[in-house]
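Kindly generate the complete structure, drawing on both the sequences and the hints.
Read off the chains here:
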Amino acid sequence: MIALHDVSRRYASDEVETTALADIDLTVDAGEFVAIMGPSGCGKSTLLNVLGTIDRVSGGRYLFEGADIAKAPEAELAKLRRDRLGFVFQSFNLIDELTIAENVALGLAYRSIPAKEKRDRVAAAMDRVAIGHRRDHYPHQLSGGQQQRAAIARAIVGEPKLILADEPTGNLDTENGAQVMDILSELNAGGATIVMVTHSPAHADIAKRTVNMLDGRILSSARRAA
Amino acid sequence: MSIATSLYRSLTRHKLFAALNIGGLALGIAVFLVLYLFVRFETGYDRVLPGWQRVWMVDRSLQFPGNPRVEIPSLPTMLGQMKADYPGTTGARFLQFDAAVQNGTTLVAQTMAQVDPAYFRLFQFPVLEGDPATALARPDGIVITAPVARSYFGKASSIGRTLTVVIDGKAQIYRIGAVLRPLPGNISYTSDLFTALAPDATGQRGKGFRTFLSFPDAIAAARVTRDLPAFVKRHPDPDFPVGMVDLAQTRIVPLASVHLAADNVRTGVTVLGAVGAVALLLAVVNYVNLATARAGLRAREIAMRKVVGATRRALVLQLLGEALVAVTLASLTGLALAEIALPFISAIGGTDLTIAYLGANSILPPLALLVALVSLLAGFHPAFVLSRFQPAGVLAAARTSGGDRAGARLRKVLVVLQFGIAIALMICTAVLVAQIRHVQNADLGFARNGLIMAPSYGVAAVDASQRRELFAAIRTLPGVTAVTTSGIAPTGGSYSISAMHRAGATGEPPMILQATIGDRFFETYGVKLLAGRLFDPQRFPTDETRTGTDADKREHMVVVNRTTARRLGFATPAAAVGQSVSEGERSARIVGVVADMRFATPREPLNAVSYSYRDDGGFSPVLVVRAADTATVLARMEMVWRRIVPNVPFAALTVDQKLYDSFYRQDVQRSRLFTIGAILAALIGCIGLYGLAAFDTARRVQEIGIRKVLGASTGDVLRLLLGQFLRPVALANLIAWPIAWVAMSRWLGGFDDRINLSPLYFIVASALALAIAAATVAGQAWRVARAEPARALRQL
Ligand SMILES: Nc1ncnc2c1ncn2[C@@H]1O[C@H](COP(=O)(O)OP(=O)(O)OP(=O)(O)O)[C@@H](O)[C@H]1O
Ligand SMILES: [Mg+2]
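Chains as they are written, first to last, in my numbering: chain U, 3 to 228; chain W, 3 to 798.
These are computed hints drawn from the structure, not numbers from a lab.
Some hints here could point you the wrong way.
As the list claims (entries may be wrong) - The calculated lysine to any residue pairs, modelled on SDA-like cross-linking and capped at a C-alpha distance of 25 angstroms, are: (1) W:85 / W:140; (2) W:209 / W:72; (3) U:163 / U:143; (4) W:530 / W:757; (5) U:73 / W:788; (6) U:163 / W:716; (7) U:118 / W:162; (8) W:172 / W:162; (9) U:120 / W:717; (10) U:73 / W:784; (11) W:209 / W:256; (12) U:210 / U:191; (13) U:73 / W:19; (14) U:120 / W:726; (15) U:73 / W:716.
Because the structure is a prediction, the values reported are computed rather than measured.
Structure, rendered in structure tokens:
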């Protein structure tokens, strides 16, 4: 489904140049559930952002379903994100000024879908993560686990083919973390491809493949024995 | 941490915020200060000399039905009668005219006033040297002002020296008895030279006398006011025909009320004062908006202060203190801006404003008051909002508190208000400028360019044979295409008003302005003949109207303008030709009808005029010359003048200039002040919008990042942000349009010659405001819309 060839990402900030990613070769097939692990600062989030097209590569090729989008125009990438991708962040990134329902609806905001269908899909997504009863609350009125479930609802309301989750359980306790992992597994079972960054070996075990990173490079990629 | 260090840090940490906030406020304060000085100058008219409260002026006017009220001089006998009828009354008469001072071989035109000795007790002018009252005790004594003294005698004392003054062509020698200090500009009635009025001034009847009065107390003044109609009946004006007595009105008015008595003058001052207040208000709104917007960013600081034990009182004091320091800084900057701008403002606004730091007119007390008021006004709301934050809520929320939603709503309301006012001011500016341009270029019924008028032709010192000689010499000057003389002239001249009656007509006969004109009057002005013929005394000797002879009794020939023909009840100009109308005992035959000429102010309706022909142009005629190159011809005319009447100063100017001086100058100057005020007010509004956009986009970086992650394109985000910033501006039109419409239809209503209040002004001003607002926020919106989402989300 997606393939990175020799991808690198360097950040230039006043004199210091940081290489966040180097010589990345990675292929993810449709329907996979990939966990990315590695020490802090090794480039996991950067890799995920590159996959999600919200960060540019400094070099290399990024094939999305066969087409090279490494240098695609911004508008095309926006369309790709809108139609194919779903994001879940460690820090939720819900908008404070909007209610939970409005936050979830944001996932459909840039598509032309009839209002009624939008409402139905938002309600369905919220029910799926068991957050429907909180629809009119504001993010700061919810617990961390509830906020993350809302963020997942927002990511899946557009029925994306590829879900990118950056430490989705990082800010949650064990029980809430387990809930989130259940939802992700369910989504994967339903056909969605998932790439997830995590520090938890237990959660990585739930994925079908684990990619280990160090200093911006991929060390190893191991498929879980069936 | 003290207020000062806290403010210093918040200023240096948020440089943009500080620049916008203090800069905007300083601009608002500068506009306010300049216009405050202007209003103080205008409302301070005739309140500068000690004892001004006790001075009253006789205000005498005449109004024919259907005509504007005109001021007429007071009678020289009135003062004596007042003193006799109301014991305790004192006063002085003031008769001003143009004189000329002989300086070597040249004559310098100077204003001169003959006054009663008591004049200098009523008006206590500051004296440089000598004593004005004793100076005027001698018939050849003269009092002059310091600038005059300096121009003739330099720095040396001028007491006891002599001055040769030419009055009505006759030279007289005066001895200087006192010199007055330079006078402030806001005194209505003053003069360069003062001499004594002959005790029996009745011979001077009909000249422009003013009578100033002073009463023992307010009760006496009130009694005189009440009794004035009876007084006028007891002492009728011997010059007034019986029928006209009811048309005249005599009042006494406090001198200090005279300057702002005219509606349009008062409105002008009020409006400019309002513009100053509005500019300040907009700047204060900016401060409040930016301060509460930043409240979101400062919420954590405030919450932490509360956590460590600051009371709400302490926080309010801290925030008010910050406002005080910021406003003080802005005021000093504003004062400096005002100082820098004043010479420029004075030049284009025709004012003479200065900022005084010491003395009674010191700017410092009002400025201190302003600082206190603005600090409270600007600091109160942010202090209240910020100190109310619940620390737990603020610290728990990822970023800003949910309470900021109300603040955001208030900010939107204030932006709507700001732009409403700014757009209204822009519309008004457009209409103002268009109308003022219109009156300066409008068709006046005659070709206004290339006309020169010489009022000095008609002064008493120039006799009939000199006039003939002048006329003949000027007509043959190279560059002169036509010459005429007439009593009536653009902006005034001499004429009379009387009723004209059409045989068989019913109802009140219309009052018609009676003008005498000389040879080739209509041809020189370039007036269109609508029906009949113009005067042609060569072919029709009876065209000449004679007075004072038997010939007066016969029917005389008149040319009337279109308005007269209509008022007399003729359906068309052609219908009036050949018709007879009676004018008092005389009868007049209409030989022609010409187009209306607008000699009066554009504020007044066109006059109905009946022209009769006199070889010499009539009483105190004005010479009017048509020439392509007015400057050259003016110089040639002056040479001719000096040869023929060397003892009378030459006074001539283009008709354009005369119209500008009399009718347009004040409007032009005031509209310039208004325009500057309006532009700066709009600029202040934009500064506010820019600041809000800056803070709002900074606050929304995360949200924008998320939207882009969810598939929003740059265009989507740009549309979202611009839409959100511009919606209040668009909404502002709802406020602006009605205000501007009401204000401008009222103002235009004061003009007879006016433009239509076209919707174009509204649409263009609104579009312009929208464009300016869009340009103001576009940069910021573009920046965040373009940002890589990953970077935006990492900024947290
Ligand atoms: N915008 C940027 N400018 C400069 N350096 C950056 C930028 N973004 C990331 N980096 C650097 O790139 C490297 C990789 O960062 P990244 O966030 O991908 O690490 P990570 O593996 O996700 O770490 P963590 O587990 O702590 O989230 C780090 O050294 C980081 O400092
Ligand atoms: Mg990371």
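Outcome of the hint check:
As the CA atoms of residue 85 (chain W) and residue 140 (chain W) are separated by approximately 23 angstroms, the hinted pair is consistent with the 25 angstroms bound. With a C-alpha separation of about 15 angstroms, the suggested pairing of residue 209 (chain W) with residue 72 (chain W) holds against the 25 angstroms cut-off. At most 25 angstroms may separate the alpha-carbon atoms for a hinted pair to count; residue 163 (chain U) and residue 143 (chain U) exceed this at roughly 31 angstroms. Restraint check: the Cα-Cα separation between residue 530 (chain W) and residue 757 (chain W) comes to about 23 angstroms, which is no more than 25 angstroms; the hinted pair holds.
Using a Cα cut-off of 25 angstroms, the hinted pair residue 73 (chain U) and residue 788 (chain W) holds, with the two alpha carbons roughly 16 angstroms apart. Only pairs whose Cα atoms come within 25 angstroms are accepted, and residue 163 (chain U) paired with residue 716 (chain W) is accepted, the gap being roughly 23 angstroms. About 101 angstroms separates the Cα atoms of residue 118 (chain U) and residue 162 (chain W), which puts this hinted pair outside 25 angstroms; it is violated. Of the pairs offered as hints, the one joining residue 172 (chain W) and residue 162 (chain W) holds, with about 22 angstroms between alpha carbons and a cut-off of 25 angstroms not exceeded.
A C-alpha spacing of about 22 angstroms is found between residue 120 (chain U) and residue 717 (chain W), which places the hinted pair at or below 25 angstroms, so the restraint holds. The straight-line distance between the Cα atoms of residue 73 (chain U) and residue 784 (chain W) is roughly 21 angstroms, inside the 25 angstroms bound, and the hint therefore holds. Taking the CA atoms of residue 209 (chain W) and residue 256 (chain W), the gap is about 23 angstroms. The hint holds against a cut of 25 angstroms. A hinted pair counts as satisfied when its Cα atoms are at most 25 angstroms apart, and residue 210 (chain U) with residue 191 (chain U) qualifies at roughly 11 angstroms.
As the CA atoms of residue 73 (chain U) and residue 19 (chain W) are separated by approximately 38 angstroms, the hinted pair breaks the 25 angstroms bound. For a cut-off of 25 angstroms, the pair hint linking residue 120 (chain U) to residue 726 (chain W) stands: about 23 angstroms separates their Cα positions. Restraint check: the Cα-Cα separation between residue 73 (chain U) and residue 716 (chain W) comes to about 16 angstroms, which is no more than 25 angstroms; the hinted pair holds.
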